[in-house]
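A.B. asks: Starting from the structure of chain A, add chain B where the hints point.
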Amino acid sequence: MIETAAVISELAVVAALRAVTDPELDESLVELGFLDSVHVDTAEACVEIVLRLPTFWCAPNFAYLMAYDAREQVLQVPGVRRVQVVLKDHMYSDEISVGVSAGQAFDAVFPGQADGDNLGELRDLFHGKAFGMRQEQLVRFLLDSGLTTSEVVGLRLADIVDTSNQHGLRLQLGNQALLLRGGAPLARAYLERRRRVGLDQDGSALLITDRDGQSLAAEDLSEYLQCGRRQRISMTFNALMCKGLLDTRYDLDLNRGR
Amino acid sequence: MYRTADGEEIFIVDGHVHFWDGSPGNQLNRYAEGWVECFYNYHKNLSPPEYVWPLEQYQRYSESQMMKDLFDEGYVDVAIFQPTYLRDFFTNGWNTTEQDAVIKDKYPDKFILNSAWDPRDEDAGLKEFEDKVKRYGIKGVKLYTAEWKGDSRGYKLSDPWARKYLDKCVELGVTNIHVHKGPTIWPFNKDAFDVGDVDDAATMYRDAGLRFIVEHCGLPRVEDFCWIAAQEPNVYGGLAVVMPFIHASPHYFAEVLAEMLWWLGPDRLLFSSDYALWSPKWIIDKFMAFDFPDDIKQKRAVSLTLEDKKKILGLNAAKLYDVEVPSKAGFQVAVPA
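Note that the protein sequences, when read in sequence, are chains A and B. With the working numbering applied, the first sequence covers 4 to 261. With the working numbering applied, the second sequence covers 1056 to 1392.
Calculated from the structure, these hints are not laboratory results. Some hints here could point you the wrong way.
[As the list claims (entries may be wrong)] Here are some, though not all, of the chain B residues that point toward chain A, as calculated from beta-carbon distances under 7 Å:
1. Met1056
2. Gly1089
3. Cys1093
4. Lys1099
5. Asn1100
6. Ser1102
7. Glu1105
8. Arg1276
9. Val1277
10. Cys1281
11. Ser1304
12. Tyr1307
13. Val1311
Beta carbons are placed, not taken as given, at the ideal position from N, Cα and C, and that holds for glycine.
Same shape as in the complex, but just chain A (with noise of 0.2 Å):
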């Protein structure tokens, strides 16, 4: 019997790769233009994807996050069986490039350069970060939108109806049903990464907690919110010094709005 090799479509490898964030800018690495470029060798069921950073100095522990999960998600798409990853440009290119594709854990490629949990801790520390900053968006646009801080932290799963309505958020408010124009692409970001972390699922949890999944409340919502927004200046000032880098190191012109 003559085993014909699946035709690997590069627009699912891209899509894939769209899932793959960079932890500390909490953005996909397609979006900031770190995707260089991609390679699909269906006869061997192979794919490189090719990796540049904003700087030769880039934290290596994040590189090789993104590069690891960069690797992961591609090897999701059907037909592929094998991922080489190169990550260009870079002061530990050759080691992440190679550790990566072969699938090795960090602390093996840097030995004595890591100390313990490998990057788990780290990469939970920024999920929680970006848990913040997208519920503080979340919280602000609630709050703009004329809910009280008791109301905000009272709100249930069940109670956001609907978040792919073009016109708004949908929310049920007790016996209230409300749309909240521009408040469904801020509520989709948020119930993602609140998956993301972990918490409850089911419609009864609270939708505002912190990351513990610990209920907050209304009178020390403000000044919980305040950390959020350190958070998201941190992740901004990150964002926009990264893509500008980028832009600027490679010629791009990716139009961001600056």
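C.D. replies: Just chain B, lined up with the frame of chain A:
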């Protein structure tokens, strides 16, 4: 000196300038090349186009260029040299105390000469540091915690040897500790920009009189920096890297500044251009013309008065370094506790 349209004089201290040598002849390896390339992209990315230099000029600019950019055109009255050694990358170092001292000798009133130390130099470095302080009358140091040294990829202020150096600073009256957090610090698997060690040091050395100026306000970890600065009255924010956003992303700049004013107030922020990363003239022009946009004024209840601008642009740093301010340009600044 900057003069407003009303003829008011504003005394300018540029808190962070360099006179570096990144020319190919001084580059030891590909890391040096990567360093210069990265710096150059920072410069190109955030400067207005008319201020962007060719790479060759950026690698090694002349003394006369620097004097013109800082003092003739850039309004600066006094500039603080912040050395960064990088001897693992550059044969003669990137920008050392000794190199800066040559310029300081020629223009003693225009520059304040800071030095640097590295806890990994242990005893020998401690002795060398003491000699430099005595030779040059040093009052401040710049610490670049992500500097590579042999196999080491950085250090923390909480390291035992760093404590000995901080003790030495107290002993010698070197009271201004500028901390520059860069990436790639050991261990690699932790957050490279973590500023927690500054918190510990600031608490420990508060009563001894050390002040910690955290360069670029702890960005990209402003959330941690603000928290620390709110607790520790001897922590300051250096506005290097933050200031140039006033051109590229003015609304974002406003948001950061609002956050800084909320947590630190106008007495603990220091202007710096980080020359030759950026040139002070355009930053100061834009900062003097700056006011918070309405949405931020409304939401954050912040303001930025002319007096606040004076403090940030010069008076705060003048106080830290005992620089005499001409009476017309100054006013009584409250000393932060």
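A.B. asks: Answer holds if the nearest beta-carbon of chain A is closer than 7 Å to that of B:Asn1100; otherwise answer violated.
C.D. replies: holds, 4 Å
A.B. asks: If you take the shortest Cβ to Cβ gap from B:Cys1281 to chain A, is it below 7 Å?
C.D. replies: With a closest approach of 6 Å, the B:Cys1281 hint holds.
A.B. asks: Identify whether the interface hint at B:Cys1093 stands, where standing means a beta carbon of chain A within less than 7 Å of its own.
C.D. replies: Result: holds, 5 Å to nearest chain A Cβ.
A.B. asks: Holds or violated: B:Met1056 as interface residue toward chain A, Cβ cutoff 7 Å?
C.D. replies: Not OK, violated: B:Met1056 not within 7 Å of chain A, min 31 Å.
A.B. asks: Using 7 Å as the Cβ threshold, decide whether B:Ser1102 counts as touching chain A.
C.D. replies: Violated: closest Cβ of chain A sits about 10 Å from B:Ser1102, beyond 7 Å.
A.B. asks: Go through the hint on B:Val1311 and say holds or violated, using the shortest Cβ distance to chain A against 7 Å.
C.D. replies: Where the cut-off is 7 Å and the nearest Cβ of chain A is about 6 Å from B:Val1311, the hint holds.
A.B. asks: Tell me if the interface restraint on B:Gly1089 is satisfied: Cβ within less than 7 Å of some Cβ in chain A.
C.D. replies: B:Gly1089 check passes; min Cβ-Cβ to chain A is 3 Å, inside 7 Å.
A.B. asks: Under 7 Å, Cβ to Cβ, is where B:Glu1105 needs to be relative to chain A, so tell me if that hint holds or is violated.
C.D. replies: violated, 16 Å
A.B. asks: Does the CB of B:Ser1304 sit less than 7 Å away from some CB of chain A?
C.D. replies: holds, 5 Å
A.B. asks: Hint B:Tyr1307 vs chain A: min CB-CB distance below 7 Å?
C.D. replies: holds, 6 Å
A.B. asks: Please check whether B:Lys1099 passes as an interface residue: C-beta within 7 Å of a C-beta belonging to chain A.
C.D. replies: OK, holds: B:Lys1099 within 7 Å of chain A, min 5 Å.
A.B. asks: Could you check if B:Val1277 really has its C-beta closer than 7 Å to a C-beta on chain A?
C.D. replies: holds, 5 Å
Hint violations for this structure: numbers 1, 6 and 7, all remaining hints satisfied.
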